[in-house]
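Residue numbers (our numbering), protein chains in the order written: chain D, 92 to 303; chain B, 678 to 835.
Hint data in this document are derived by calculation from the structure and do not stem from the laboratory.
Be careful, since some hints might not be right.
Unchecked claim - Calculated cross-link-like contacts (lysine-lysine; reagent style DSS-like; alpha-carbon spacing at most 30 Å): (1) D:K151 to B:K697; (2) D:K184 to D:K98; (3) D:K216 to B:K697; (4) D:K184 to B:K822.
Stated by the list, open to error - Simulated coverage check for chain D against chain B, where a stretch passes if three residues somewhere in it have a Cβ under 8 Å from a Cβ of chain B: (5) 116-124; (6) 173-180; (7) 215-229.
From the three backbone atoms N, C-alpha and C, an ideal C-beta is built for every residue, glycine too.
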Amino acid sequence: MMAATEKEQEDRAIRACQEGQAAAFEVLVRAHFGPAYAAAVGFLGNREDALDALQEAFTKAYRAIARFHADCDFYPWFYRILRNKCLDRLRRKRRRPRSVSIDDVQPAAEGPFDPSQLAEASERKAAVWRAIGTLSPDHREIILLRHFQGLAYADIARTLGIPQGTVMSRLYAARQALRRKLEITLGRDGTASPGAQDQERLNPAMGGEAIP
Amino acid sequence: MMRDDMKPRSDGPAPCEEMKPLLMGYLDGEIDSGDIERVRAHLAGCAACRAELEAFRRLVQETEGMRIREPGDDVVAAFWRSLYNQIERGTGWVLVIAGALLVLAYGAYELVRAPGMSVILKVGIASAAAGFVILLLSVLRERLKVARVDRYSKEIER
């Protein structure tokens with residue numbers, strides 16, 4: 092939830108942009124770059140495409156900001172622009188997004204220093220991430236919003252412009268799909284199946300990408 | 678608080694299909710106390726949903742702590758510089774094109790009306806103006822094409 096002062100700062104920046112002061116747009120870019128970048132990487136699977144899509148989306152948002160209503164929140168409005176840009180890119184490429192390199196995924200907090208656990212954790216996180224990369228855009232999107240960005244249902248609903256009931260049913264379908272993908276990759280007992288992993292590494296359609 | 682259309686009907690035990698979305702709200706702590714009671718009552722008598730809830734709980738734990746690495750401040754700063762340049766240049770090109778079209782239209786009007794000017798001179802001026810427009814459009818088209826395919830140029834600015 093955005094603090095009142097941040098909202099006021101954003102509102103001032105939006106008004107300044109609507110009066111043609113492009114420099115004021117920096118406040119909005121910096122305030123939303125983090126979640127927007129995470130969303131773009133989640134859609135497109137790699138940093139370069141994500142930054143390109145962000146540039147297109149922010150440019151479009153600036154050019155359309157005259158039509159932005161002051162009583163709305165900026166991020167859900169911008170997110171829809173970004174989402175369309177990402178989906179356009181996916182359609183243009185007509186391929187599944189590449190898996191993000193494990194270098195792009197990091198633990199939110201440092202765990203206990205245990206190299207063997209770390210190795211397992213890295214491998215499992217890579218497997219989870221690859222599985223997320225093979226989900227449909229709708230499923231991948233809601234998994235990322237909830238699991239990676241930690242948004243509450245109300246915020247997801249506002250961001251996607253859908254009722255909270257739909258958030259729950261879509262999240263159910265997405266998690267169900269993710270579980271099935273992970274069962275294929277890791278097996279029902281949760282241990283990595285080397286054969287399945289090798290197959291993924293070699294099969295770009297499954298989001299396979301060599302992991303260093 | 679969930680929408681009424683998502684709530685299971687109160688008459689009789691809720692079928693599993695109706696409970697599934699609610700399981701997500703229960704797992705994530707996103708439903709109210711009334712719905713929590715309904716889910717608990719259903720789980721007490723449904724081993725399949727209990728097992729499914731456990732599997733989802735493991736999945737949530739699996740992704741806990743995973744975050745997408747955010748670029749550093751230097752990347753954000755470079756991104757903003759590049760974006761600002763693009764926005765400014767876009768505005769500049771719009772003004773240049775609008776101004777050029779206005780001047781050309783006015784020039785063409787004056788040219789047609791100008792008394793005593795030879796036809797050859799008029800044709801010459803019109804040709805030069807048309808050439809200028811063609812060159813301007815050509816540069817614009819090339820810039821657009823390069824911007825779409827040349828990632829390296831963007832990397833320099835980042």
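Here is what the structure says about each hint:
no., hint, verdict
1, D:K151 to B:K697, "violated, 39 Å"
2, D:K184 to D:K98, "violated, 37 Å"
3, D:K216 to B:K697, "holds, 26 Å"
4, D:K184 to B:K822, "holds, 17 Å"
5, 116-124, "holds (count 5)"
6, 173-180, "violated (count 0)"
7, 215-229, "holds (count 4)"
Taken one by one, the earlier hints fail for this structure at numbers 1, 2 and 6, listed in ascending order.
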